[in-house]
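Protein sequence lines, in the order shown, are assigned to chains A and B. Each residue of the first sequence is one higher than the last, beginning at 1 in our numbering. Each residue of the second sequence is one higher than the last, beginning at 1 in our numbering.
The hints are simulated quantities; they were obtained by calculation from the structure and are not laboratory data. Honestly, I wouldn't trust all of these hints.
Computed cross-link-like contacts, DMTMM-like style, restricted to lysine to aspartate or glutamate with a CA-CA straight-line distance of at most 25 Å [to be verified]: (1) Lys404(A) x Asp26(B); (2) Lys409(A) x Glu19(B); (3) Lys61(B) x Glu380(A); (4) Lys393(A) x Glu28(B).
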Amino acid sequence: MEGIAKKFDIKEIREDFPVLHQEINGKPLIYFDNAATTQKPKPVIEALMGYYIGYNSNIHRGIHTLAEKATNAFEESRKAVQKFINADEAEEIIFTYGTTDSINLVAATFGRAFIGKDDEIIISAMEHHSNIVPWQMLCEQKEAKLKIIPINGKGELILEEFEKLLTNRTKLVSVAHVSNALGTINPIDRIISKAHEVGAKVLIDGAQASAHIEVDVKKLKADFYSFSAHKLFGPTGTGILYGKRKLLESIPPYRGGGEMIKEVTFEKTSYNDIPYKFEAGTPNIADVVALKTAIEYVNELGKRNIEVYEHELLQHATSLLSEIPEVKLIGTADNKTSVISFIVEGLHHLDIGMMLDAKGIAVRTGHHCAQPLMNEFGIEGTVRISLSIYNTKEEIDVFVDALKSIISKWK
Amino acid sequence: MEVGTTKSIEDIQNDIIEEFSFLENDRESTIFYIMELGQKLPDLADEHKVEQNIIKGCQSKVWLTADLEGDRVAYCADSNTDITKGLISLLIRIFSNQKVDQIIDSDLFFIEKIGMGNIIGSQRSNGLVAMIKQMKLYALAYKAKLNN
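Looking at chain A on its own, in the form it has when it is part of the complex:
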């Protein structure tokens, strides 16, 4: 394939993902639900096993050899994340339990310290519920105001409107790097620079970006950036929150407990330094350790190669779906990742999802945890296919044929 380095061998990649090689209802599995979670390559599964078989131990305070090994592996993962998103320091990387947890962390800490009555938080109309509800809860508690960046008919943010929303009361802007329901890549560099002009901080929900496009927090000047390991070929239950050192040091801790303290007396507790201040309790050690392997896997393939390959998949699927008269694409932004949402005239998305599953094709149906966005389009939900590095044009062809046969049968 043109533009793809030799390393990016689709056959070899598919061999790395054991779960893909199975039949569902007697048909080869076609997994098109990668925006929900990606599959895990063998090296990641082996890293998990290797941890439990070889050096499972609690980290940071143990003096024995296993604890040392586990601690080193855990901290190596932090460094791998730091390099992956080009953060200045490993201490700016906080391990959480997922993107949702990362956003809640910022709402609970930054929100507690810096959001007051009549302050303003800006989110967008295309946010996942995880980037809506924590801010609604915070605004209710603090009597602050939540403002929404509108979108156009293609599912793109209207930046002129965003600029009008910014005031000297804007304390935080929190937007998705990539929309989970539409695949729109938002111009977050411009959003960040405009927000900084009024002194607001910016949190980027990068859950749908990290596996697909380049993330460089230094270049972006993002104040916070969050994503999940499981959408990046890593294990479930592990997330990342990046924050600028000064900012992290200026905000209070999140949960109280072990690890996050320097000294505890019944009178007063002093808190640990970053990132440990935010990592109370025993973390998800095994999954964090295996995240490093997932990052290495992506690095080896090369983000640029991934972008090129997935863009070809996107174009192929978009052009085939556009030819079906009954199909209406929802979200046609100029700049997109390999996510396609659509509805079919006269057929409910849940019925389509179920019929596709009977044909071995896994898609997501529903509101994709973005009900306000669905309301913008005046729909209840969509069928969403989200493509990844191990998907092929042939799979897209099978899917499109299956969809066509469903439509012709039920129309």
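Once you've looked at the hints, dock chain B against the given chain A.
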């Protein structure tokens, strides 16, 4: 279905089991068949598609009405998805125009016999349970009314 010629709940279930046996446990054919049943179920008038008639616990929207006719209950239902409409059409076929006590005491063995759980998945199975529960609740309410 006419009152007076109603088959027993057990017999209707056995009919359904036999009909499904022709599908030979093929998931795709079974789903298509259930959807076809859904498309055949007459739509509920819009005036009945209101919040109070929605069955809670279903992923899709399901509206259910029940009327007492003598000592029997007549059910009508609709859904925004064909698959769910098909499922409730089976329940309507079984329960509609049966006596309240028979509905309340019934054991819906056809679900397990058909292997419906594997066909429709756990979320929809929960929805199916919610539909049955709501239909039985109507029968219970009408029983209380009949006893007064």
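Numbered hints the structure breaks, given as an ascending list: Of the numbered hints given earlier, the structure breaks none, since each of them holds.
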